[in-house]
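J.: One-letter residues, chain by chain:
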Amino acid sequence: MKLIVSSPPHWHSGYSEKKINLDFIIGLMPALIHSLYFFGMHAARVIALCVAVAILSEVILRKIFKNNIGPFNGSAVYLGILFSMLLPPTSPYWLIVFGVFLSIFIGREIFGGIGSNPFSPVLVGMAILELSWPSHLNVNLTSVNYNLGFDCHSPLTALKSAGADYTSKFSFFELGIGNQVGGIGSVAIIFLIIGGIYLLIRKVIRWEIPLFFALGVIGMSAIFNAIDPHNFACPWFHLLTGNIAIGMFFLSTDYASSPFSNPGKIIFGLGCGILTVLFRVLSVHEDGVIYAILIMNLFTPMLDKLVGRPKMLKTAYFGRGIK
Amino acid sequence: MKKEIKFNQEYDDIKIVELPLPEHIFLPANRKNNKNLEVGDKINKFDEVVPGLIFPVTGEIREFLKMYVDGVETDVIKIAPVKNGGDEDNPERNDIADKPDDNLLLRLKRSGYILESIIDSDSDIVVSAVDTDLLCSVSQQILRENRKDLNQNFELFKKIFNREKIHFAVPEHLFDMVWKLQSRGVNVFKVKPNYPNGIPEILINSAIEKNSLKSPLYLKLEEFLNICDAAVTGRPNFKKVITLTDINGMRNINVIKGTPLSHILKDSDVSSAVKVVTGGPLRGYANFDLDTPVTDITDSVYVQYEKDVIRAVNNQCINCGRCNGHCPVNLSVNLITRYSEFSLFEKCRDLGVDNCIECGLCSFYCPTGRSLVQLIRLAKSEIKNLEGEIEQ
Ligand code: SF4
Ligand code: SF4
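Chains U and X, in that order, are what the protein sequence lines are.
Each residue of the first sequence is one higher than the one before, counting from 16 in the working numbering.
Each residue of the second sequence is one higher than the one before, counting from 358 in the working numbering.
Read the hints as simulated data drawn from the structure, not as lab findings.
Keep in mind that this is a model prediction, so the values were computed, not measured.
Treat the hints loosely; a few may be bogus.
As the list claims (entries may be wrong) - Stretch-level coverage of chain X by chain U, calculated; a stretch enters the list once three of its residues show a Cβ under 8 Å from a Cβ in chain U:
| no. | region |
| --- | --- |
| 1 | 389-398 |
| 2 | 456-465 |
| 3 | 552-559 |
| 4 | 685-692 |
| 5 | 702-712 |
What the hints assert, rightly or not - Simulated restraints on C-beta separations:
| no. | chain 1 | residue 1 | chain 2 | residue 2 | range |
| --- | --- | --- | --- | --- | --- |
| 6 | U | L37 | X | E698 | 44 to 54 Å |
| 7 | U | A331 | X | P377 | 30 to 40 Å |
| 8 | X | P377 | U | G323 | 49 to 59 Å |
| 9 | X | N519 | U | M317 | 29 to 39 Å |
| 10 | X | L701 | U | L37 | 48 to 58 Å |
| 11 | U | P133 | X | L701 | 16 to 26 Å |
| 12 | U | A59 | X | A669 | 34 to 44 Å |
| 13 | U | I121 | X | K704 | 43 to 53 Å |
| 14 | X | S700 | U | G323 | 53 to 63 Å |
| 15 | U | L297 | X | E367 | 53 to 63 Å |
| 16 | U | I121 | X | A669 | 50 to 60 Å |
| 17 | U | I79 | X | L701 | 22 to 32 Å |
Backbone N, C-alpha and C fix where the C-beta goes; we use that ideal spot for every residue, glycine too.
Based on the provided sequences and hints, a complete structural model is requested.
T.: Encoded structure:
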């Protein structure tokens, strides 16, 4: 009779990488459905193309790099959907193909695949696109031909060009339920938060990064707001605009590029929030989430050194009957 | 089984049943020390033919061979017991003097316990009735079935070891049975019966935090009773209680040490079993041979069938941090195992890999199914080798 031998443990929780990616995708579903409802076929086109390109590039690149680790586990699908959520509905085909391919190639596979990427792959692709073709990603320019039933003026552009007083025409409620222009999914603030809470309940992500990201944004913008309320918007306006919601729950919590230690996560989240506001206030960019997270990704290896010391649990036994 | 994995160790009252004698038993004994024994020799229960080697049964020596016992290659004597031979006699019961004396030490030594250093030290003793792994209810069942004698045994134990107070860890759900001991110089403290609270290192650590103990020593309840017994009778206890878990559920059985696993599994449907784990699903040892004898550390036997088995894979770490989050000793498991994978063992040591108590929780939770404990063990043994080389 043949017996299987293996080293312990002989049980597994059964929660696999595939299920994690499925949970992430479920977390994005509310925002995705909102985008389909809002932009119809335009959104469907962007999402489908992103997912297709992501899967294809992953398969091809793994062949080329002879990286045959692990079976297909849905991470490309998740990456594709997440990428599409950041794009405006009018993005041209070539831009999407290029962006997604670069996300997978430079963002991930070149470093050795899932888990080895120092930066969040989606953000690498997005940053390249934003720096190279800013006009295609400018939400004001891309939405001129739409009639969405609300003001098609990007709130962040308004803030940048006209100051905080002008932003009072945006109601927080409208912003919250996604009546603003931006990426097809990243505007659906309340839906992203619902998805994020799902992830938190399922323990797919931990609460530290989202919470301290939000606290960073609130704290920093409150300081600016206190200095000059006419020029600098209030914290709630910041939280409800741009990519902050999607950044909080989905972009900054990428496993490989965020710290695993709990103190590290807190500093990471705070840093992302503070840098985002600094970018918005001080730089030429309207929305700084992408760059803020990319910069904090740089600090991840350092923040991981903050883990507590291992506990010493040595003990002595006596008698027989103990290993 | 996989769907309903629970870390709760509250098991029902499952009576311990005696198993009939097996056809053969395997007695570990270094061959160098018993050269005068030969195949065919008749032996009697409790005979001490060779000093330090007491036979647990009456029977005949069949073979001297080597086999793996608890994962270590060992000399064993194969004995065919005589059915109904050497019936239980009633050993003479000695009184214990108020202070440990030479007679007591002799009786303990005859039973295989050399405990002088502990008797003379003043370190605290923690007796634990919390099982160390899942699918094992040995300690709690012994507590249930012996609760009437516990008081007397603790009195005895205090005399043997010359202690004022003994600490006693019991699972929360059984606390009501023993709380009265508290008035008799036993510090009974509750432990939540959840894995990994019963692992000696963790149990002792929480005992230190709760009671501020001095270099505590850990002792299993079963062994505590054995020592008490040996101190009175001068004879070792050859019985071992085991929890057997197979397709029919859990059972508690009592067998003679040295009984091969195949005898224990006689009633189980072994033909479809693919894995036999001794010592629990999270810390246990997967046996490759059903002749492997039961020893002091065999607390449980767990039979896995095709659908329960997890296959080893070598997937890449996705850096999700679950392993770190669940590690009771707070190790950076993801870094350690990556270093270990690429043979950077010195870095593993710097990260404190030696503190790992091999509870198995990291591998249990790892979503990519990496063999983390195996990588940690590799690092530990390589570090030992390295240090050995440096010393030479
Ligand atoms: S087995 Fe894993 S979880 Fe348990 S102590 Fe060791 S490293 Fe930590
Ligand atoms: S649980 Fe597994 S995949 Fe996650 S960080 Fe630990 S080793 Fe990596």
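J.: So which of those numbered hints doesn't the model satisfy?
T.: Hints 1, 2, 6, 9, 10, 13, 14 and 16 are the ones this structure does not satisfy, whereas the remaining hints hold.
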